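4 protein chains.
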Amino acid sequence: MKSLGIGLIGTGYMGKCHALAWNAVKTVFGDIERPRLIHLAEANGDLAEKRASEFGFEKATADWRTLIADSEVDVVSITTPNQFHAEMAIAALEAGKHVWCEKPMAPAYSDAERMLKTARAAGKVAVLGYNYIQNPVMRHIRALIEQGAIGAVNHIRVEMDEDFMADPNAFFYWKSELSAGYGALDDFAVHPLSLLWYLFGHVEAVITDMVKPYGSRPLKEGGRRDVENYDAANVLMRLGGGISAVLMANRAAWGRKGRIALQIFGSKGSIAYDQERMNEFELYQAEGRASEQGFRKILAGPAHLPYDRFIPAPGHGLGFNDLKIIECRELIRAISGEPSSIVTFEDGLRIEKSVHAMAQSFHERRWIEIE
Amino acid sequence: MKSLGIGLIGTGYMGKCHALAWNAVKTVFGDIERPRLIHLAEANGDLAEKRASEFGFEKATADWRTLIADSEVDVVSITTPNQFHAEMAIAALEAGKHVWCEKPMAPAYSDAERMLKTARAAGKVAVLGYNYIQNPVMRHIRALIEQGAIGAVNHIRVEMDEDFMADPNAFFYWKSELSAGYGALDDFAVHPLSLLWYLFGHVEAVITDMVKPYGSRPLKEGGRRDVENYDAANVLMRLGGGISAVLMANRAAWGRKGRIALQIFGSKGSIAYDQERMNEFELYQAEGRASEQGFRKILAGPAHLPYDRFIPAPGHGLGFNDLKIIECRELIRAISGEPSSIVTFEDGLRIEKSVHAMAQSFHERRWIEIE
Amino acid sequence: MKSLGIGLIGTGYMGKCHALAWNAVKTVFGDIERPRLIHLAEANGDLAEKRASEFGFEKATADWRTLIADSEVDVVSITTPNQFHAEMAIAALEAGKHVWCEKPMAPAYSDAERMLKTARAAGKVAVLGYNYIQNPVMRHIRALIEQGAIGAVNHIRVEMDEDFMADPNAFFYWKSELSAGYGALDDFAVHPLSLLWYLFGHVEAVITDMVKPYGSRPLKEGGRRDVENYDAANVLMRLGGGISAVLMANRAAWGRKGRIALQIFGSKGSIAYDQERMNEFELYQAEGRASEQGFRKILAGPAHLPYDRFIPAPGHGLGFNDLKIIECRELIRAISGEPSSIVTFEDGLRIEKSVHAMAQSFHERRWIEIE
Amino acid sequence: MKSLGIGLIGTGYMGKCHALAWNAVKTVFGDIERPRLIHLAEANGDLAEKRASEFGFEKATADWRTLIADSEVDVVSITTPNQFHAEMAIAALEAGKHVWCEKPMAPAYSDAERMLKTARAAGKVAVLGYNYIQNPVMRHIRALIEQGAIGAVNHIRVEMDEDFMADPNAFFYWKSELSAGYGALDDFAVHPLSLLWYLFGHVEAVITDMVKPYGSRPLKEGGRRDVENYDAANVLMRLGGGISAVLMANRAAWGRKGRIALQIFGSKGSIAYDQERMNEFELYQAEGRASEQGFRKILAGPAHLPYDRFIPAPGHGLGFNDLKIIECRELIRAISGEPSSIVTFEDGLRIEKSVHAMAQSFHERRWIEIE
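Taken in sequence, the protein lines are chains A, B, C and D.
The first sequence begins at 7 in our numbering and counts up one residue at a time.
The second sequence begins at 7 in our numbering and counts up one residue at a time.
The third sequence begins at 7 in our numbering and counts up one residue at a time.
The fourth sequence begins at 7 in our numbering and counts up one residue at a time.
Incorrect hints may appear among the rest.
No distinction is drawn between identical chains; accordingly, a pair holds when it is met within one copy or between any pair of copies.
[Stated by the list, open to error] Cross-link-like lysine-lysine pairs, in silico, DSBU-like; alpha carbons within 30 Å at most:
id : residue 1 : residue 2
1  : Lys181    : Lys303
2  : Lys123    : Lys181
3  : Lys218    : Lys274
4  : Lys181    : Lys274
5  : Lys359    : Lys56
6  : Lys226    : Lys181
7  : Lys274    : Lys303
8  : Lys56     : Lys8
9  : Lys109    : Lys218
Everything labelled a hint here was simulated from the structure, so no lab data went into it.
If you're wondering where the values come from, they're calculated on a predicted model, not measured in any experiment.
Turn these sequences into a full structure, and let the hints steer you where they fit.
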């Protein structure tokens with residue numbers, strides 16, 4: 007495959023993360039053509055120039071449509087706020103570009119549906135940035151489950167917690183507005199849902215409770231404003247094959263910084279994982295003498311592919327940004343028509359459908375089946 | 007207060023645990039009269055004699071009614087299977103004895119109600135054996151919450167997991183019969199519910215999912231039999247003051263041996279605890295510089311009363327059986343008319359009411375409010 | 007064997023711990039005669055009466071010689087300060103009693119030698135209270151090593167740390183006097199040495215460094231006094247079979263409360279243990295695929311004898327005081343002439359010899375071989 | 007400062023790691039000129055071409071002297087086996103290049119001395135690749151110590167363990183030859199020594215024990231060969247200010263993959279760190295009520311600079327390779343004449359002097375003072 011020309015829209019954290027990935031993917035993996043970093047778009051023109059220089063892009067623009075019109079660009083990384091995803095992704099796909107869009111697809115389900123429809127029509131690769139599934143540890147967990155290492159899975163718990171909304175005295179800002187979505191559910195729960203999808207497939211039925219730890223927040227300008235969405239959500243779920251699951255998401259959980267804690271129980275053993283210690287996982291196998299059974303803490307290493315492409319020695323540790331490099335390699339694989347491990351717009355839409363069903367189950371106070 | 011005469015019914019594990027407590031309570035606490043171990047009842051007469059000798063009781067009987075009729079007996083420890091609790095507790099109370107009955111009160115709610123009614127009529131102390139609340143660490147957690155150390159609590163998670171039902175090839179036995187109860191819910195969930203009650207008061211609304219990891223089990227005599235109750239249960243709950251909670255109970259969770267994992271989130275911090283490491287807990291307080299904030303692992307020590315009565319040095323560790331000794335001291339306190347920290351029949355009935363509401367919410371697939 | 011008559015000298019923490027063990031040993035183990043708690047000695051006569059009542063002893067005395075002269079007493083528990091051990095143990099042995107003496111034997115090696123000599127002459131059981139070796143987890147570690155679970159052991163590290171001397175502003179007290187011994191070395195290091203002895207036999211060569219974190223301490227009455235011994239000691243050691251070991255002992259280690267951390271490396275695996283979490287240990291076995299190798303955290307349970315005598319379910323946890331009950335059972339075994347797992351005066355003397363050699367190696371700044 | 011022209015010698019793991027750093031440093035930090043990746047040298051000419059393409063270098067050569075002669079090259083990364091460091095570094099410095107050389111300087115102390123002498127004469131920046139000191143967590147630990155967060159440090163323990171030499175059945179290879187050095191001491195101990203140097207300055211006195219867990223190893227071609235150096239080393243040390251330290255290094259420690267465990271004890275608290283969990287550390291401060299004192303587990307975050315340049319959210323985690331990017335930034339800082347945090351040839355020589363003194367103290371069985 008020829009070298010891909012890259013366009014990047016957005017230069018916030020995720021923009022930088024994509025830029026790091028595009029810069030590193032060839033050096034890490036070796037077995038591809040080095041991507042050419044062509045065009046960077048950022049609403050602020052001066053910033054666009056600055057970031058293009060920092061990130062190593064040849065051209066800069068304040069108008070993302072210019073980037074999409076650039077014939078040298080083959081793939082567009084979209085890392086702007088969620089409300090812009092649909093318009094940009096659709097334009098890029100219609101211009102014949104592959105798209106690598108940060109999750110979620112769009113706040114409105116109908117927009118997400120349009121994105122998928124366009125991707126199908128365009129016949130281009132359309133991928134969502136759900137990078138937690140790219141962790142070599144997570145890949146290995148999937149392989150273990152497939153190999154029957156813990157037997158038939160029957161129960162799952164997943165918690166996603168951070169604490170950036172935990173301070174009741176923090177000022178009201180847009181994350182607490184209704185227009186920003188349901189709150190923890192779409193801001194957070196999509197990540198654990200991507201893991202559940204990756205490991206077990208889609209959710210079939212849900213009932214949800216959502217809560218506002220703080221009913222109102224102070225305003226910078228004085229006075230207070232009511233919080234309009236829910237910082238915490240708890241969901242009972244059923245997956246296929248009779249698997250029961252519990253999902254807990256809380257962005258007001260003091261002390262949790264990047265926790266995505268997964269517990270998987272099967273007929274022959276169990277697996278536990280926490281994103282805050284992303285370079286290890288725990289495996290319990292009900293084998294041998296009772297006196298020596300226990301959870302094994304397994305450190306990430308070259309036996310967990312593609313850790314070996316980064317470091318040849320075990321126990322040295324990948325970082326969060328490295329997951330984006332792996333995702334980038336998988337995207338290139340998809341563009342090359344090879345089997346790849348990515349979240350397509352099809353998969354992403356189904357994840358977002360689950361989220362909307364969860365919200366509905368809360369408002370209607372009943373179980374919702376997801377078709 | 008004069009020395010109490012003790013009767014003990016049942017000599018299984020909990021019988022032994024009560025016996026150890028009655029033997030040790032004076033030596034540990036010093037500030038009470040040494041109880042006199044008078045009478046032990048056990049259906050098997052020979053075993054009754056043997057255990058009376060081992061446990062240090064003066065008399066033995068195969069007929070528990072003889073024990074209850076014994077005028078030297080002031081307090082009756084009831085440690086028999088659950089289905090006998092009601093009859094024995096009622097008889098003992100009617101005979102003017104104080105009662106220390108292992109949890110739960112009774113499989114049928116109506117029996118539990120009769121137990122409470124009798125206790126009220128008798129005017130005697132009637133206490134349930136919910137010893138996890140006696141852990142000095144748990145007492146300190148309660149004190150911290152009361153002191154506002156983590157602000158206003160808004161969210162709680164509690165997991166109770168063991169793995170004695172995790173093996174799908176284990177033979178069917180009575181624990182899987184409908185007559186044994188709902189399964190994880192009453193076998194297990196009452197323990198975390200006692201902790202929630204102890205820390206926050208009673209549950210107000212619930213919705214539950216229950217699952218059978220294994221639909222049937224092999225029979226010793228060949229063939230298979232359908233499992234009649236649920237080894238796992240997951241519950242969304244609301245407590246008073248708008249606190250949301252999630253309860254997960256699973257007796258088929260490979261690798262978990264005595265896990266009761268509690269996470270408590272408040273407006274100023276968080277607390278985490280796991281019964282498998284009962285001599286420590288974690289405290290996060292959102293104070294000081296961000297660069298030094300973290301969960302503090304606090305080891306049990308003499309500052310966590312009444313640890314000091316057992317060991318004067320921190321970090322040396324109490325055991326599960328020591329909790330029973332503390333509970334025994336609290337029972338004596340209650341009998342003496344002093345303030346005490348126990349689960350009375352009133353409290354216990356409310357816990358069991360919650361359990362029945364949970365089962366109902368599962369069968370009716372809807373939220374149930376608990377009056 | 008007939009019921010043993012028990013005498014107890016000393017009613018501080020270790021006195022209480024012995025009393026708890028003598029009270030509980032029959033109930034826990036069942037297969038012995040219930041000991042009779044005959045006589046308690048405590049220098050303060052009023053306190054002696056009080057404690058005798060609390061601990062369940064029939065008689066009380068302010069004169070320990072009266073206790074030793076009591077013909078009803080078969081075994082004497084000695085729990086007084088170290089400087090009294092020799093005189094009391096020798097008197098008890100000469101009076102034909104068995105002796106259960108808290109560690110260490112005596113500050114002066116010559117006194118310890120006299121104790122052993124007397125024990126040999128008396129033909130009585132003479133046991134030291136080194137209860138950490140009684141932990142079912144530690145017993146199982148020994149069994150695993152003997153079974154070759156980690157192959158041939160080649161390297162060991164052991165750390166013993168507490169923080170009761172960590173505060174530089176704490177007043178000078180007798181523990182910092184030369185007459186109290188070397189400091190960390192004899193106050194602390196004997197415990198890890200008992201574990202090393204239990205698992206691997208005796209130390210053959212040592213070189214030691216000792217340090218005073220604080221050269222002087224404030225006096226209650228004003229002014230300061232020089233610290234005369236060493237709160238921390240570090241030792242390089244060789245055991246038999248070419249095993250290298252490092253021993254670190256520090257009683258001024260902030261945050262450590264009861265840490266005895268053991269790491270054992272062998273040709274096929276490793277074992278790790280920490281007394282602060284005495285109900286678990288870690289086992290690494292170099293077997294199977296690299297992708298699943300890791301340290302297994304194994305929770306104590308009934309498979310680790312005699313945990314089963316206390317609790318039938320795994321993961322529920324023994325306490326520090328329970329170890330004394332196990333030690334008590336082993337002592338009774340020794341008195342009955344059965345094989346037992348105890349630290350005899352022979353073993354204890356060798357441990358103390360090691361300690362003196364360590365101190366010598368520090369003062370002479372050279373390796374010392376221990377004959 | 008103008009853009010630096012980069013030359014890289016060696017394309018093994020460390021070569022790749024340098025290449026990743028040179029590719030990423032501008033994108034991560036922004037505030038520098040993007041380095042130009044000019045020339046790559048690798049003994050195998052075909053591989054040189056391949057890697058130059060992968061790593062993004064313009065030119066490739068099989069002759070490292072050609073690279074050093076390249077006038078476009080300003081900085082030379084040296085990542086070849088240790089025995090080539092001296093010749094290459096000296097040539098590069100003499101050619102007027104800055105040098106970034108992987109640790110250690112050279113197997114022979116005299117070669118290391120020549121390297122330093124040349125660096126001084128050349129007046130160029132000469133830096134060693136000791137990247138563990140670049141961890142934001144380690145930087146913060148240093149800041150905490152400087153700020154007095156744990157008072158005056160009095161005792162340190164550091165363990166460095168991996169298990170690549172742990173299998174006794176692994177074939178003999180060059181790492182076990184005397185020509186490869188002392189074994190664990192220079193292969194491993196230099197890393198913890200760099201941390202000790204970074205935090206506390208240089209070692210003043212040492213006594214060392216070294217051991218061979220396996221006296222011989224099988225040869226691929228049949229038969230066995232004696233192991234010529236030591237897979238494990240244990241060192242008692244004194245640092246300045248009366249600080250005592252223990253260093254343990256073991257490359258045959260089953261189960262340890264990348265452990266560098268550091269324990270630091272001070273007069274007001276303690277700090278613990280383990281490289282296997284490089285995104286967290288533990289801090290104990292003896293403040294407040296005893297009932298809430300404990301080790302705080304602090305997750306790396308943007309408050310620990312320059313974590314923020316990689317990720318704006320805490321708890322997400324850096325990887326091992328990210329440390330090299332930070333080191334690269336520090337190197338550029340040094341070249342720009344700004345204050346920087348690096349290990350110069352001066353510092354490195356002192357570290358290697360300590361290593362030789364340790365070996366001497368083992369062979370002479372005595373304490374060695376290091377001038």
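Going down the list of hints, with the structure as the test:
{"no.": "1", "hint": "Lys181 to Lys303", "in the structure": "between (37 Å within a copy, 29 Å between copies)"}
{"no.": "2", "hint": "Lys123 to Lys181", "in the structure": "within (29 Å within a copy, 52 Å between copies)"}
{"no.": "3", "hint": "Lys218 to Lys274", "in the structure": "between (39 Å within a copy, 15 Å between copies)"}
{"no.": "4", "hint": "Lys181 to Lys274", "in the structure": "between (42 Å within a copy, 20 Å between copies)"}
{"no.": "5", "hint": "Lys359 to Lys56", "in the structure": "neither (38 Å within a copy, 46 Å between copies)"}
{"no.": "6", "hint": "Lys226 to Lys181", "in the structure": "within (15 Å within a copy, 58 Å between copies)"}
{"no.": "7", "hint": "Lys274 to Lys303", "in the structure": "both (17 Å within a copy, 17 Å between copies)"}
{"no.": "8", "hint": "Lys56 to Lys8", "in the structure": "both (28 Å within a copy, 17 Å between copies)"}
{"no.": "9", "hint": "Lys109 to Lys218", "in the structure": "within (24 Å within a copy, 35 Å between copies)"}
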